[in-house]
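Enquirer: This is what each chain is made of:
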Amino acid sequence: MAAETPPRFTEERINRDLLGPLFKTSGIYYVSAGFLLLVSMVVFIAWGLQLKYGIGMAGKNRPSFWGLYITTFVFWIGISHAGTLISAILRVVQAEWRRPITRCAEAITTFALCTGSLFPIIHLGRAWLFYWMVPYPNSRHLWPNFQSPLMWDFIAINTYLTGSVTYLYLPMIPDMAVARDKATGWRQSMYRTLALGWRGTEREWLRLEKAISIMALIIIPVAISVHTIVSWDFAMTVMPMWHSTIFGPYFVVGAIFSGIAALLIAMVAIRKYFRLEHYLLPIHFDNLAKMLLTMSLLWFYFTFTEYLVTWYGNESGEMPVFWSKISGRYAPLFWLMVFCNFLIPFPILAIKRLRTIPLIFFASCCILVGMWLERFLIIVPTLVHPYLPYNYGHYWPSYTEMAIASGTFGFFVLLYFLFAKFSPMISIWEFEEGLQVAARHAGEMREPTFVGQVVPGDVHPGH
Amino acid sequence: MAQTFCLAKFNQPLEARAAIRRLLQSGIDPQTMDVMTSQPIHGEPFLPNQKPTKLFTWALCGAAMGFIGGLSLATFTALAYPLVKGGMPIVAPWTVGIITYETTMLGAVLATLAGLLVELRLPSFSNRPYDPSVVDGGVVVAVPYSDQNRQTIEDAVNAAGATKVNWV
Numbered sequence: 018m019a020a021e022t023p024p025r026f027t028e029e030r031i032n033r034d035l036l037g038p039l040f041k042t043s044g045i046y047y048v049s050a051g052f053l054l055l056v057s058m059v060v061f062i063a064w065g066l067q068l069k070y071g072i073g074m075a076g077k078n079r080p081s082f083w084g085l086y087i088t089t090f091v092f093w094i095g096i097s098h099a100g101t102l103i104s105a106i107l108r109v110v111q112a113e114w115r116r117p118i119t120r121c122a123e124a125i126t127t128f129a130l131c132t133g134s135l136f137p138i139i140h141l142g143r144a145w146l147f148y149w150m151v152p153y154p155n156s157r158h159l160w161p162n163f164q165s166p167l168m169w170d171f172i173a174i175n176t177y178l179t180g181s182v183t184y185l186y187l188p189m190i191p192d193m194a195v196a197r198d199k200a201t202g203w204r205q206s207m208y209r210t211l212a213l214g215w216r217g218t219e220r221e222w223l224r225l226e227k228a229i230s231i232m233a234l235i236i237i238p239v240a241i242s243v244h245t246i247v248s249w250d251f252a253m254t255v256m257p258m259w260h261s262t263i264f265g266p267y268f269v270v271g272a273i274f275s276g277i278a279a280l281l282i283a284m285v286a287i288r289k290y291f292r293l294e295h296y297l298l299p300i301h302f303d304n305l306a307k308m309l310l311t312m313s314l315l316w317f318y319f320t321f322t323e324y325l326v327t328w329y330g331n332e333s334g335e336m337p338v339f340w341s342k343i344s345g346r347y348a349p350l351f352w353l354m355v356f357c358n359f360l361i362p363f364p365i366l367a368i369k370r371l372r373t374i375p376l377i378f379f380a381s382c383c384i385l386v387g388m389w390l391e392r393f394l395i396i397v398p399t400l401v402h403p404y405l406p407y408n409y410g411h412y413w414p415s416y417t418e419m420a421i422a423s424g425t426f427g428f429f430v431l432l433y434f435l436f437a438k439f440s441p442m443i444s445i446w447e448f449e450e451g452l453q454v455a456a457r458h459a460g461e462m463r464e465p466t467f468v469g470q471v472v473p474g475d476v477h478p479g480h
Numbered sequence: 036m037a038q039t040f041c042l043a044k045f046n047q048p049l050e051a052r053a054a055i056r057r058l059l060q061s062g063i064d065p066q067t068m069d070v071m072t073s074q075p076i077h078g079e080p081f082l083p084n085q086k087p088t089k090l091f092t093w094a095l096c097g098a099a100m101g102f103i104g105g106l107s108l109a110t111f112t113a114l115a116y117p118l119v120k121g122g123m124p125i126v127a128p129w130t131v132g133i134i135t136y137e138t139t140m141l142g143a144v145l146a147t148l149a150g151l152l153v154e155l156r157l158p159s160f161s162n163r164p165y166d167p168s169v170v171d172g173g174v175v176v177a178v179p180y181s182d183q184n185r186q187t188i189e190d191a192v193n194a195a196g197a198t199k200v201n202w203v
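Protein chains in written order, with the working numbering: chain Z, 18 to 480; chain P, 36 to 203.
Simulated from the structure, these hints should not be mistaken for lab results.
Just to be clear, a hint being listed does not mean it is correct.
To be verified - Some chain P residues flagged as far from chain Z (calculated, every beta-carbon gap over 10 Å):
# : residue
1 : Gly62
2 : Ser73
3 : Val131
4 : Leu155
5 : Ser159
Claimed, not checked - Below are the SDA-like pairs computed for lysine to any residue, each with C-alpha atoms no more than 20 Å apart in a straight line:
#  : chain 1 : residue 1 : chain 2 : residue 2
6  : P       : Lys89     : P       : Arg163
7  : P       : Lys86     : P       : Ser107
8  : P       : Lys89     : Z       : Phe434
9  : P       : Lys120    : Z       : Leu39
10 : Z       : Lys227    : P       : Asp171
11 : P       : Lys86     : Z       : Ser230
12 : Z       : Lys227    : P       : Phe160
13 : P       : Lys89     : Z       : Tyr409
14 : Z       : Lys227    : P       : Tyr180
15 : Z       : Lys438    : Z       : Leu54
16 : Z       : Lys438    : Z       : Thr201
17 : Z       : Lys289    : Z       : Cys382
18 : Z       : Lys227    : P       : Val153
19 : P       : Lys89     : Z       : Glu29
20 : P       : Lys120    : Z       : Phe426
21 : P       : Lys86     : Z       : Leu54
22 : Z       : Lys41     : Z       : Glu29
23 : Z       : Lys199    : P       : Arg185
24 : Z       : Lys227    : P       : Lys199
25 : P       : Lys86     : P       : Thr67
26 : Z       : Lys227    : P       : Tyr116
27 : Z       : Lys69     : Z       : Trp145
28 : P       : Lys120    : Z       : Ser165
29 : P       : Lys86     : P       : Ala99
30 : P       : Lys86     : Z       : Leu223
31 : P       : Lys120    : Z       : Lys289
32 : Z       : Lys438    : Z       : Arg30
33 : P       : Lys199    : P       : Tyr180
34 : Z       : Lys438    : Z       : Gly202
35 : Z       : Lys227    : P       : Thr92
36 : Z       : Lys69     : Z       : Ser415
37 : P       : Lys120    : Z       : Glu29
38 : Z       : Lys438    : Z       : Trp145
39 : P       : Lys89     : Z       : Lys199
40 : P       : Lys120    : Z       : Met253
Fair warning: this is a prediction, and the values are worked out from it, not measured in the lab.
The beta carbon of each residue, even a glycine, is placed where N, CA and C say it ideally should be.
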């Protein structure tokens, strides 16, 4: 079979391909968005009922005061580690292949954080008292307790959200300017505002790239600290199988693991839906799949260590929790988690012949299921088996919990869908810059030239 | 009277550099010129004597302010309501450290953003010289002109191979 001739990238072609989805909307898009809106409404309707009738609708009771809400909260905060870490780390190490995936990744971070941040408010019950967490002088004689991990969560997640939104927006500015120059009507006004008057002068590029580099250096330690702090919601308590020093790195590894899986799923969807096969190449999926394999091995290592140490310690308070997961009530979920996180993905990701886009997509879906189960299995078995056996209990999610937790998946996808309609999902200027860099590395010229003029069609950023 | 500009478009950076050399030789002040591209062009800068950016300083200052703010917030609020919690000291270094770390990073983020907007003088919606066709490739050189030097500028950009010249 003759090899397909790679496309000749010109600025006009790149602008047309990547801006096309912003200005043309298919019927499928409207139907999909409508469906996602309906699913998202489930969250707010269920939440509205909970606000009206009280937190009892969530069905939680002694001893399990945390359930699906916190599980899904930790899950979404974990997903948010995809974008920033992948985008920032690859930018810092100057991995050229990152260019077509950074925007997808950064958007996942921002919207996963927005989705996950709903849960502390939902879980509060009396959500209208949320502002009590803000430290401002008040007549209630109350201050937030800064020694509480929940307050660290509040500060850390807000910091990460601010940083992620900034890190998403800064590289978008030049693309907003391109959209401004191509759009008409109300879209042009919108993009003119978002472009901030960007002209692409030498001075502007120098400062923008510097700002993005600084942001990348800042956001990496913030991302690591956020999920470490989320893990301390559990590790700082003295509960069986929670009070463990390994929780910080365990959660960070799990977050990156689930984040990369989510990114791969998003990339498959974007590649297919927006017909970006010439931009999101198999090499991008292959590279990310190798990172996913690494994280799968790391996750397995941490999980094995955690359970081995617990088993070997044979501590009386922890063994009921341990056995409930290995062979008891939660064993089916536990072993399903191991299957989804390691036994299925490992061969797919490790064997080159199996590392195809469809199988990578399948492995990523399994990982997301597995990682949600992991959060559930960290939280619920411990809560229903506290140290004092008289207090053992059961947990089963209520319909309200299930509706809200599952509806957030639709909400997240809806936010992503809407974003894809409003910003190019591949950074136009970074892609063009990558072609320039690739051509220079290919030794074609000493002076950079413009794409499509001299650059041959087989030069692509990331090869 | 509003400044008038010549916007000369070139297909290649080499051509733009040749035009800039001619313009500089004819006495045009590089600080008044602008070079616009659809992507950052690596290598030697188009215009000489560019002011360096101070964004790193902005980030450090923001981090310092965030550090002081977070430390003060966590410390003085604990001292204002001296309740013993969990057997920890009233001002526990570890917990104060966590809050201080996050506010330090937040300060750095916000200061970087502010510094970028200040240095670039954005947002700016006034009519500054700009050619929208630059997004489809090429290099646009913006040069201020007057009746005295219009011909000199025109000769310089045409000799360097300008594909389009607008006088705005």
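Enquirer: Look at each hint and say if it fits the structure.
Expert: We went through each hint and held it up to the structure:
{"no.": "1", "hint": "Gly62", "result": "holds, 21 Å"}
{"no.": "2", "hint": "Ser73", "result": "violated, 6 Å"}
{"no.": "3", "hint": "Val131", "result": "violated, 7 Å"}
{"no.": "4", "hint": "Leu155", "result": "violated, 6 Å"}
{"no.": "5", "hint": "Ser159", "result": "violated, 4 Å"}
{"no.": "6", "hint": "P:Lys89 x P:Arg163", "result": "violated, 24 Å"}
{"no.": "7", "hint": "P:Lys86 x P:Ser107", "result": "violated, 36 Å"}
{"no.": "8", "hint": "P:Lys89 x Z:Phe434", "result": "violated, 37 Å"}
{"no.": "9", "hint": "P:Lys120 x Z:Leu39", "result": "violated, 54 Å"}
{"no.": "10", "hint": "Z:Lys227 x P:Asp171", "result": "violated, 24 Å"}
{"no.": "11", "hint": "P:Lys86 x Z:Ser230", "result": "holds, 19 Å"}
{"no.": "12", "hint": "Z:Lys227 x P:Phe160", "result": "violated, 23 Å"}
{"no.": "13", "hint": "P:Lys89 x Z:Tyr409", "result": "violated, 60 Å"}
{"no.": "14", "hint": "Z:Lys227 x P:Tyr180", "result": "violated, 32 Å"}
{"no.": "15", "hint": "Z:Lys438 x Z:Leu54", "result": "holds, 15 Å"}
{"no.": "16", "hint": "Z:Lys438 x Z:Thr201", "result": "holds, 15 Å"}
{"no.": "17", "hint": "Z:Lys289 x Z:Cys382", "result": "holds, 17 Å"}
{"no.": "18", "hint": "Z:Lys227 x P:Val153", "result": "holds, 14 Å"}
{"no.": "19", "hint": "P:Lys89 x Z:Glu29", "result": "violated, 34 Å"}
{"no.": "20", "hint": "P:Lys120 x Z:Phe426", "result": "violated, 38 Å"}
{"no.": "21", "hint": "P:Lys86 x Z:Leu54", "result": "violated, 49 Å"}
{"no.": "22", "hint": "Z:Lys41 x Z:Glu29", "result": "holds, 17 Å"}
{"no.": "23", "hint": "Z:Lys199 x P:Arg185", "result": "violated, 31 Å"}
{"no.": "24", "hint": "Z:Lys227 x P:Lys199", "result": "violated, 31 Å"}
{"no.": "25", "hint": "P:Lys86 x P:Thr67", "result": "holds, 13 Å"}
{"no.": "26", "hint": "Z:Lys227 x P:Tyr116", "result": "violated, 43 Å"}
{"no.": "27", "hint": "Z:Lys69 x Z:Trp145", "result": "holds, 12 Å"}
{"no.": "28", "hint": "P:Lys120 x Z:Ser165", "result": "holds, 9 Å"}
{"no.": "29", "hint": "P:Lys86 x P:Ala99", "result": "violated, 25 Å"}
{"no.": "30", "hint": "P:Lys86 x Z:Leu223", "result": "holds, 10 Å"}
{"no.": "31", "hint": "P:Lys120 x Z:Lys289", "result": "violated, 54 Å"}
{"no.": "32", "hint": "Z:Lys438 x Z:Arg30", "result": "holds, 19 Å"}
{"no.": "33", "hint": "P:Lys199 x P:Tyr180", "result": "holds, 16 Å"}
{"no.": "34", "hint": "Z:Lys438 x Z:Gly202", "result": "holds, 16 Å"}
{"no.": "35", "hint": "Z:Lys227 x P:Thr92", "result": "holds, 12 Å"}
{"no.": "36", "hint": "Z:Lys69 x Z:Ser415", "result": "holds, 16 Å"}
{"no.": "37", "hint": "P:Lys120 x Z:Glu29", "result": "violated, 63 Å"}
{"no.": "38", "hint": "Z:Lys438 x Z:Trp145", "result": "violated, 33 Å"}
{"no.": "39", "hint": "P:Lys89 x Z:Lys199", "result": "violated, 33 Å"}
{"no.": "40", "hint": "P:Lys120 x Z:Met253", "result": "holds, 13 Å"}
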